[in-house]
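Novice: Sequence:
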Amino acid sequence: MPSRRTWLRLISCLVLLLVLLGAYGYVSLTRLLEREQIKQLEWRGLGLSTQAIQLEQLSLQHPSGALQLQQVQLQWRGFSLAPPFWQRVQITSLQLSFPSRPEPASDDSTDFEVPLEQLAAVISLLPQRVQIDALQIELPCASTRCQLLGDLQLLKQATQLDAQLNLQHQQHQLRWHAQLQGGPAAADLQLSLAINQQPQLQLTSSLQQSASGQLWQGDFNGDLQQSEILQSWLSQWLPNAPGTLPKAPVAALLKASWQLQLAPGVLNLAQLQQASGQVQASANLPEPWPIPAIGELQGSFDLSAKALDGHWLADSLSADLSLKQIAKGLISGVPAALHPDALQLNIQATEKPDNLSPQLADRALPLQLQLSGQGRSQFKLQGTLALANGLPWGLQLQGGSFSASSPEFQLKGWEIGALQTQLPLDAYLDAQQLDLTLRKGSQLSLQHLSSANVQAQQLKASSNGLQLHAQLAAGALQDWQLQGPLDLSAQLQHEQLQPQRWYWQGPINANQQQAELNGTLRNDAGLQFKLQAQHNNTKGLSLQAQLTELFLRSGNPLQDSFSAWPALLELNNGRLNGNASLSLASDQQLPTVKLELTGKGLGGIYDRTALEGLDGKISAQIDPKQLQLELNELRLAQANPGIPLGPVQLRGRYSAALQTPTHGQLQLRQAEAALMGGKLQLTPGQWNLATKPLLFPVQVQGLELEQLFILYPTEGLAGTGTLDGYLPLQISRQGVTIEQGQLAARQPGGRLQFHSERIRALGRSNPAMQLVTQSLEDFRFTTLSSQVDYNQEGKLALVMRLEGQNPAIEQGRPIHFNINLEEDIPTLLASLQLTDKVSDIIQQRVQQRMLERNAKTAPTEP
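Residue numbers (full-length UniProt numbering): 1 to 862.
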């Protein structure tokens, strides 16, 4: 038995040997990783058993991608010393990520080469069984990065490979099954696809090589019940070929077969582009076939094409399809009156048209197209259709026309009268774009268009050159643009409009995100606006309008256009400008409206007041909750209601809740008017119009008696002096009143002179009045004060106190007077207006007002 020392020596030698082998292996592995450009190789959980080699995790980084494996088992069963050594490989999870920017490829990298002589060798290098329970591959696609999620199973028998790949796509399962058999001179492929366990595609393809070339032939059968899922999955990998997958109905049967002769050599893309052969495709529904969400489809479709050295020609194309019992879901957004009972499509061969698009020159299959719809509403589309007979595909419609007619119908609260349209058009469509142009003579007419608030009679629309351009990708609409001239006209009826015809003329520019109008809006009254309208899907609707400057001397089209124009206001002089805007957010029900009017030198009449030299700017804003009016500055040279006022200056604002527009807050920052050499000034403040009565404190400053006697002439009466005071003006539902207002002469007083033979005669006949008449002939007052009251009937009452002297009487001793005066102000103003030179309109209104007032105050007969 070996001694203890002998065992220690043996163990030491074994450890040293393992260390040397480990060092050698590490150096060799490091060199291998550097040569293969492998970085960050990491593994853990290495285990060895009698069944397999197990590795818990393996990850590595390479310039072409990153790989991570979980729970790898290399089973000893079937192990051999020849590659691939292990014949059974099981992987719980495989994650592979390709970089977004692959390494630059060589010039011929676009070719896919299939060397048949190497196919068998490649298959022989694969294990007999590979199973990946969870497969995740991330790689660049279209405009972003995509993932392949699923599982994979490979089975190999000699030179035959059987593969089953299950992929998950948007909660759907795509099961691919392929059988590939390769030999030195032939390769056969059988491929099938099932989506959600429903068979979709079957493909049989064979490639045979000979000394004279290669023959590729195959058959395709499709029962595309899940075509939308398939198209959705393929579209992310085919960004440059949108629309190549048809949206087949569920029960449609598709067939295709091909026989292509290729040049000798390795099979690649260049050979396919130079192929010769024949292709047939067809779809046939001999009986009305109920297709869910579509209707009953019946008819046939056939296509035959051949190629010679890569030049493809369509031998024939025909279609005769009809659709009846159209599903309600397909036309749910169409008003019932417009529902077609049946659709008919007919395509037949015809002669080649002139003026083909450059994209279709010398490679078009000319066809005669006719598509029609029958029912209460009818339409018809016809024209010459040119189809590309090779890639890239495209089609062009020349000399096309679309006509339609419909009875009266309703749509979302709108009542639409009988419709007639005639649209001559040209169109072009390919994988990237759609172009549609309306030719001269395009027009649409509606008998009427009305809602609860507005009605348009005899609406007409026309265009000469309206163009639609759409961008497509993967068969889906990506963006579109509509632009061109548009003319509209209609007889509009609305409670805010005077009935007349309105006209719109200008271009339209619209796309998927927004629409814009920029043109001129006018009417028969001569009113004209420059109008810009924008509608944005996220921001909502906005309108801007600029009023073409109005010269009111030649007429007032505003008064003839809008029923809300004040009946008592007439403007016949000056210039008027304005602009308005409207905005309606996408999440709002009511718009925000802004209005701004600017007047220069405006003149006219309001009620019985003549207006001259009105300059000012008023701004208004109405939002879903509030009304705001802003008077930045208003200056009126003169307002003459019988006594000339002016200049008048106003600045202020008004705000109110939209539900109670007359119960808001009035704020006046400036309100003053020149009168008789002085001015009336309202103390700045704020008033709540919901509270009555309203008190407006009016300050009177510097009224000159001399001008008062000129404006209100009394025989023999003259005087000088300056009056100041305070008038508490109250406005209530009953009218305007003044209670206990005060007027007083400014120190040092003034002078009154009253020379009247009638008054002198009164003094001679009445000794008590003699002192009064003599004193007033030259009365120099130091005090002139008066209480002012004004009632709802228009009666002005003055309680005056006059203190002063006449130097010629008793050496100027003091004399005091208490005088009560009463005046009917409306009658006074009316008499002043009738004695002055005023317009006929003012005279008529004054006379009418006096007659109405007298009728109210006249005593009733017993």
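Since the hints were derived computationally from the structure, they do not count as laboratory data. Any given hint could turn out to be false.
Said to hold, decoys possible - Distance condition first, Cα-Cα at most 25 angstroms in a straight line; then the derived BS3-like pairs of lysine-lysine:
1) 594 - 617
2) 530 - 625
3) 600 - 539
4) 460 - 530
5) 328 - 352
6) 306 - 255
7) 460 - 539
8) 594 - 539
9) 255 - 328
10) 352 - 440
11) 306 - 352
12) 617 - 600
13) 679 - 617
14) 600 - 679
15) 412 - 539
16) 594 - 679
17) 440 - 380
18) 600 - 530
To be verified - Computed Cβ-Cβ distance ranges for the label pairs, DEER-style:
19) 368 - 145: 42 to 50 angstroms
20) 714 - 764: 46 to 54 angstroms
21) 319 - 155: 42 to 50 angstroms
22) 205 - 184: 14 to 22 angstroms
23) 342 - 368: 19 to 27 angstroms
Where is the CB? At the ideal position from N, CA and C, for every residue including glycine.
Novice: If a hint holds in the structure, say so; if it does not, say that too.
Specialist: Evaluation of the provided hints:
no. : hint                          : in the structure
1   : 594 - 617                     : holds (13 angstroms)
2   : 530 - 625                     : violated (28 angstroms)
3   : 600 - 539                     : violated (36 angstroms)
4   : 460 - 530                     : holds (20 angstroms)
5   : 328 - 352                     : violated (39 angstroms)
6   : 306 - 255                     : holds (16 angstroms)
7   : 460 - 539                     : violated (30 angstroms)
8   : 594 - 539                     : holds (17 angstroms)
9   : 255 - 328                     : violated (30 angstroms)
10  : 352 - 440                     : holds (24 angstroms)
11  : 306 - 352                     : holds (19 angstroms)
12  : 617 - 600                     : holds (9 angstroms)
13  : 679 - 617                     : holds (23 angstroms)
14  : 600 - 679                     : holds (23 angstroms)
15  : 412 - 539                     : holds (22 angstroms)
16  : 594 - 679                     : violated (34 angstroms)
17  : 440 - 380                     : holds (19 angstroms)
18  : 600 - 530                     : holds (20 angstroms)
19  : 368 - 145: 42 to 50 angstroms : holds (46 angstroms)
20  : 714 - 764: 46 to 54 angstroms : violated (21 angstroms)
21  : 319 - 155: 42 to 50 angstroms : holds (44 angstroms)
22  : 205 - 184: 14 to 22 angstroms : holds (18 angstroms)
23  : 342 - 368: 19 to 27 angstroms : holds (20 angstroms)
Of the numbered hints listed earlier, those contradicted by the structure are 2, 3, 5, 7, 9, 16, 20.
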